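Put chains B and C on the given structure of chain A with help from the hints.
Here is what each chain is made of, one letter per residue.
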Amino acid sequence: MNAHLPYILCIILFCIGVYAIISKRNIIKIILGVVIAEYAVNLFLILVAYKVGGRSAIFSETQVILPESMVDPLPHALVLTSIVIGLATTAFLIALAIRLYGKYGTFDITRMRELRG
Amino acid sequence: MSKEHDPGMSVIVKTVTRLTVGLILLYGIYIILHGHLTPGGGFAGGVIVALAFINLDLAFGGSISASIFSKTSTSVVEALGAIMLLSLGLIGLRYGGFLENFLHSDGNPGQLVSAGIIPLENIAISLKVGAGLFGIFLILIAIQKFESEKK
Amino acid sequence: MIELYVLLGLMIAGAVIAIEVKNLLSAVITVGIIGLALSIIFILLKAPDVALTQIVVEIVAVIMLIRATLNREIAQKSCGSRPFGAFMGILFLGLAVIAAIVTFSSGLAPFGEPLMTVSRFYPLNAVTGTGAVNVVSSIILDYRAYDTLGEATVLFTAVIGVMTVMRSVGKKKEEDLQENNE
Numbered sequence: 030m031n032a033h034l035p036y037i038l039c040i041i042l043f044c045i046g047v048y049a050i051i052s053k054r055n056i057i058k059i060i061l062g063v064v065i066a067e068y069a070v071n072l073f074l075i076l077v078a079y080k081v082g083g084r085s086a087i088f089s090e091t092q093v094i095l096p097e098s099m100v101d102p103l104p105h106a107l108v109l110t111s112i113v114i115g116l117a118t119t120a121f122l123i124a125l126a127i128r129l130y131g132k133y134g135t136f137d138i139t140r141m142r143e144l145r146g
Numbered sequence: 081m082s083k084e085h086d087p088g089m090s091v092i093v094k095t096v097t098r099l100t101v102g103l104i105l106l107y108g109i110y111i112i113l114h115g116h117l118t119p120g121g122g123f124a125g126g127v128i129v130a131l132a133f134i135n136l137d138l139a140f141g142g143s144i145s146a147s148i149f150s151k152t153s154t155s156v157v158e159a160l161g162a163i164m165l166l167s168l169g170l171i172g173l174r175y176g177g178f179l180e181n182f183l184h185s186d187g188n189p190g191q192l193v194s195a196g197i198i199p200l201e202n203i204a205i206s207l208k209v210g211a212g213l214f215g216i217f218l219i220l221i222a223i224q225k226f227e228s229e230k231k
Numbered sequence: 010m011i012e013l014y015v016l017l018g019l020m021i022a023g024a025v026i027a028i029e030v031k032n033l034l035s036a037v038i039t040v041g042i043i044g045l046a047l048s049i050i051f052i053l054l055k056a057p058d059v060a061l062t063q064i065v066v067e068i069v070a071v072i073m074l075i076r077a078t079l080n081r082e083i084a085q086k087s088c089g090s091r092p093f094g095a096f097m098g099i100l101f102l103g104l105a106v107i108a109a110i111v112t113f114s115s116g117l118a119p120f121g122e123p124l125m126t127v128s129r130f131y132p133l134n135a136v137t138g139t140g141a142v143n144v145v146s147s148i149i150l151d152y153r154a155y156d157t158l159g160e161a162t163v164l165f166t167a168v169i170g171v172m173t174v175m176r177s178v179g180k181k182k183e184e185d186l187q188e189n190n191e
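Chains as they are written, first to last, in this note's numbering: chain A, 30 to 146; chain B, 81 to 231; chain C, 10 to 191.
Derived from the structure by calculation, the hints contain no laboratory data. Given the structure is predicted, the values throughout are model-derived calculations rather than measurements. One or more of the hints may lead you astray.
[Said to hold, decoys possible] With a straight-line Cα cutoff of 30 Å, these simulated DSSO-like cross-link-like pairs (lysine-lysine) come out:
hint, chain 1, residue 1, chain 2, residue 2
1, A, K132, B, K151
2, A, K80, C, K31
3, B, K151, B, K94
The following block holds chain A by itself, in its conformation from the complex (with noise of 0.2 Å):
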């Protein structure tokens, strides 16, 4: 139980976005609860990674590191991708929000289905 808590704490801080995505109708809170769900997601990749006494992943020329000392490289690669892609999303959402609030006048994702038509 104690050695899984960082995951644990995580996964609740996951939960929190999808909350957020759920039950809020203000569009602008959607957008947040997506932004802090992929937060967390990038956490969870980088503490998946993380060895006790472990050094960054880079070689120096000055001292001797061994690789077998180095933290698992892998996720590190692919979290430095979805981080680029996650801001690339957030920018077409709030596109997307600025339109709609331009077309209806209005964040509230329920009165803009009652405006419709």
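Leaving out everything else, chains B and C in the frame of chain A:
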């Protein structure tokens, strides 16, 4: 340049921006070029370079950065980055496969000129990411200016 | 690793505040604080590349959210939540957390001991294989360069999408002008 029509933020912000924007740009270029030696690389460096221009845009009200970078020129720079990445990959076809690192034996590891095509790919990705994000920023901010003019 | 738990607690508290606060500007700034705490956690977990990228991306995201959406008086306007959705959300997400606890305790390796069955290859061979000292850089640009190509494609698609979504306003303005002239 009358005071009433002077766009942007206050004099303090403009002066500090004038002093620091070159340093931000230099730091971004350093991060890009040393991506194979230190933390960073094309993604982070490209976003830092885009942040330097976003800083100019926010402080001076868009007149300066719009004169440097219009929406068309950001698209051109972004396409240039994509073409550079793809052509590096296509050159690699001659040496064994798409995106093959065909120069990796040149230079000593740890020097600036080493690691084959990885620094070149870093430059291509930084062009793509920086120009793409700055283009998105320009579009979002331009639409906001249009809506405030309409009112 | 007490500082990891402190920062994770700060992130969870910040997430709850960001979701429940009335003022939208406060919510956006709180999400910025969550992102900065996340980048400190990345440094603690020995991922400096990811931390650097996270901190700059966070700044750009917060600038976009504030400048593009929250300029008008709508920052003060609050919409409530949907009560039925909120109840079902809490119920099922609580079940999801319990299921995650059960699954982790049986299936996942403990925190701080990664398996590294596949990725042991990369630190051992990165310097001789690619010449790059930074192992993460050698992975994203040499061993797994197709990932980077796909990321570039996604970014390109996002830029095109934003351009397409935002462009129709300008067209409508021209149409309105023409109608007014007629």
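Right, here's what the structure says about each hint:
Annotation: proposed proximity of K132/A to K151/B holds, straight-line Cα distance about 24 Å (limit 30 Å). For the hint linking K80/A to K31/C, the alpha-carbon distance of about 40 Å lies beyond 30 Å, and the restraint is violated. With a C-alpha separation of about 23 Å, the suggested pair K151/B and K94/B falls inside the 30 Å cut-off, and the hint holds.
Going down the numbered hints, you'll see the structure goes against just number 2.
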